[in-house]
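Protein chains: 2
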Amino acid sequence: MAISQKIRNYAAQASWIRRMFEEGINLKKQYGCENVFDFSLGNPNAPPPELFREQLLRIMTASEAGLHGYTPNAGHPEARKAVATTLCEAEGMQLSAEHVVMTCGAGGALNVIFKALLDPGDEVLVPAPYFVEYPFYVDNASGVTKFVATRDDFSLDLEAIGRAITDRTKVVLINSPNNPTGRVYDEKSIRGLGSLLMERSLSSGRDLYLVSDEPYAEIVYDNVKVPSVLSSYRNSIKASSYSKSLSLPGERIGYIAVNPEMKEVEELMGALILCNRILGFVNAPALMQKVISCLQGVKVNVAEYERKRSLLCDGLSSLGYSFRKPEGAFYLFPRSPITDDVEFVRLLQKRRILTVPGTGFGGPGYFRIAYCVDDATIMNAMGGFKEAIDEASNR
Amino acid sequence: MAISQKIRNYAAQASWIRRMFEEGINLKKQYGCENVFDFSLGNPNAPPPELFREQLLRIMTASEAGLHGYTPNAGHPEARKAVATTLCEAEGMQLSAEHVVMTCGAGGALNVIFKALLDPGDEVLVPAPYFVEYPFYVDNASGVTKFVATRDDFSLDLEAIGRAITDRTKVVLINSPNNPTGRVYDEKSIRGLGSLLMERSLSSGRDLYLVSDEPYAEIVYDNVKVPSVLSSYRNSIKASSYSKSLSLPGERIGYIAVNPEMKEVEELMGALILCNRILGFVNAPALMQKVISCLQGVKVNVAEYERKRSLLCDGLSSLGYSFRKPEGAFYLFPRSPITDDVEFVRLLQKRRILTVPGTGFGGPGYFRIAYCVDDATIMNAMGGFKEAIDEASNR
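Top line first, the protein sequences correspond to chains A and B. So for the first sequence, my numbering puts the first residue at 286; every next one is plus one. So for the second sequence, my numbering puts the first residue at 286; every next one is plus one.
Extracted from the complex, chain A is given alone in its bound form (with noise of 0.2 Å):
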């Protein structure tokens, strides 16, 4: 046997979603990609804004010495600081260089941030639905993911994670805004949760630590404001990257930020450097953490996703489908009409139309459409949407 246990285990478990994937390709084949409507995955269709093309433009032009040479672990000094400046306002804390490190993406940041915390067996605690690879994160360190589920709306349940914390628990980890839900948690449920921390840490005697994913946070509508994670509690840690907000998926350009009222503040920041190095990652790519340094405030036209959210709710809605409309990220996550969401999945896939069941998210019963593509995608789906919907209807 070539490959590792837990890995053919995860292969096989993984099965059934790469068959899907792997009929979305062969309807793309068989009809043409401008006949399959493809929702299922979240690579934004938005162009990086113009000054991005043209700072990056600039800067090779430039072509300072060293420039695609490794940077330092931690990041160039000049983007870990542009970064801390801009998170001193949205954050409304005093952060500086030291609190950031630059990493490759927030799923880099992610494995940076669990490698460094975790001991064999730690829980981590996640609100289902979750995004699917937070458990493979965990597993990466030796830690254990426990979900919980969320509440109707998708709101955060604090008795819930009350109830789940454990004397294994060292982090909870939470998306807002959320993929797949689309929800943003407010202001007083973030609060709630640094209360509830501080609580159970004060009478463990176990520092808990807050670990907020946010890489959706400038992708919000209808002036939601998202409220700050790390100024709630005080061990608390922010992962983010650029890849929504200046649509730069491919890049793998991100950062961790840090409490800096941290207990052990000092030793997290070394731990988090030296395990950037040890995982392989190395530095944040060297070019991308220039780019950054100098559009910072810069994002991609958010009123573009709006206007498909929109296009893509009205839609749904008229067809009797049953939803929560996302505040912020470029997913909905509708019911499903019928029970079992893989099935739905199916009703959809035969109308060219691909989504991912709520099943992998840890959100059975619902399916999620990325709707961050072309609005002929949007419009052009009504058909299939409605003939999927009247066949569950008549079953």
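Some hints here could point you the wrong way.
Any copy will do: because identical chains look the same in the list, a pair fits if it lies in one copy or spans two.
As the list claims (entries may be wrong) - Listed below are the simulated DSS-like cross-link pairs for lysine-lysine, each with C-alpha atoms no more than 30 Å apart in a straight line:
| id | residue 1 | residue 2 |
| --- | --- | --- |
| 1 | Lys-610 | Lys-431 |
| 2 | Lys-291 | Lys-548 |
| 3 | Lys-313 | Lys-366 |
| 4 | Lys-584 | Lys-610 |
| 5 | Lys-635 | Lys-510 |
| 6 | Lys-671 | Lys-635 |
| 7 | Lys-366 | Lys-314 |
| 8 | Lys-291 | Lys-431 |
| 9 | Lys-473 | Lys-610 |
| 10 | Lys-610 | Lys-671 |
| 11 | Lys-473 | Lys-635 |
| 12 | Lys-291 | Lys-610 |
No lab work stands behind these hints: they were computed from the structure.
Starting from the structure of chain A, add chain B where the hints point.
Leaving out everything else, chain B in the frame of chain A:
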């Protein structure tokens, strides 16, 4: 305690290296960078070939849709194909895009390979001296690193490797041209290693894997030929990067190539692609994948490194230092004039010369000089190298 016990231990072990590193920073602050002779890091000083900048600017100007979006976890099909085409010639084998995964540098590649291959406790044999990060990479995947001494001339000791193979051995990891010794393993020893692993796999019924880390393959001197590892053994995997061949170490672009004749090659490729995703690399940086697709066969000016090697070797030789002339990479690994290499490195540091003790690479009694630096650094350090060996000989 904030951080994991394991990371705390790593940080403690690394503390003397860090202390030396910090002393180096203090020296630079005190005397100015130009008066400190920093041979401690393998951050290449050769600029990337001009064609790199040209191609990058061309690609950015064309600004194809989705240029910065997620690529498939395995990499852009065109990048995989370009790498495979180059390897067909270099390795004398029939590789196709399906045998290549684009990675975040060779560091990312090795982490992906170990994660895909190793079950907990599986042993990885590593000839010493070795690149300092290897034991971390193996441990990340719950493997165990076992070191095997090389011969006095740093060549592979096949008998010793044979003796070190146990029923827990899964991988032999080699690195040629070698960091820190500059040794290139010759054709005979590579073929011999392949035969040994074949024989031992057959006799034990457990397949052994040969992983070859080759980021310095293009940096060789005196017309030395780096033999093909892939073609020497069926169960072989190559990890490499453009960090040194194109002087892009900060951009984190590399690849994995798998011997197409491996028995379970499809299963392994699936596992590697899955691991690239779940370790949080997700995909190799997208823009760099496009750029290296156009730069196959292009490399930095190796004659420059060859000249630096002569400058350094001639200078140190005339001062009485003893070493084996490196055949590749840009490291010299001289014998320490006193038994305690850490102490000798301190004697050099007193003369503002920064090097790394061989102890850090599993090669006590030696020290490493990275000569990917300005000519002036080499020439101006000679006075200090003389003083240090004189002080050592008067002890």
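Verification of the supplied hints:
no., hint, in the structure
1, Lys-610 - Lys-431, "within (27 Å within a copy, 56 Å between copies)"
2, Lys-291 - Lys-548, "between (36 Å within a copy, 20 Å between copies)"
3, Lys-313 - Lys-366, "between (45 Å within a copy, 22 Å between copies)"
4, Lys-584 - Lys-610, "within (23 Å within a copy, 53 Å between copies)"
5, Lys-635 - Lys-510, "neither (39 Å within a copy, 56 Å between copies)"
6, Lys-671 - Lys-635, "within (12 Å within a copy, 78 Å between copies)"
7, Lys-366 - Lys-314, "between (47 Å within a copy, 20 Å between copies)"
8, Lys-291 - Lys-431, "both (19 Å within a copy, 22 Å between copies)"
9, Lys-473 - Lys-610, "within (20 Å within a copy, 67 Å between copies)"
10, Lys-610 - Lys-671, "within (19 Å within a copy, 74 Å between copies)"
11, Lys-473 - Lys-635, "neither (43 Å within a copy, 58 Å between copies)"
12, Lys-291 - Lys-610, "neither (38 Å within a copy, 44 Å between copies)"
Checked against the numbered hints given earlier, this structure breaks hints 5, 11 and 12; the rest are met.
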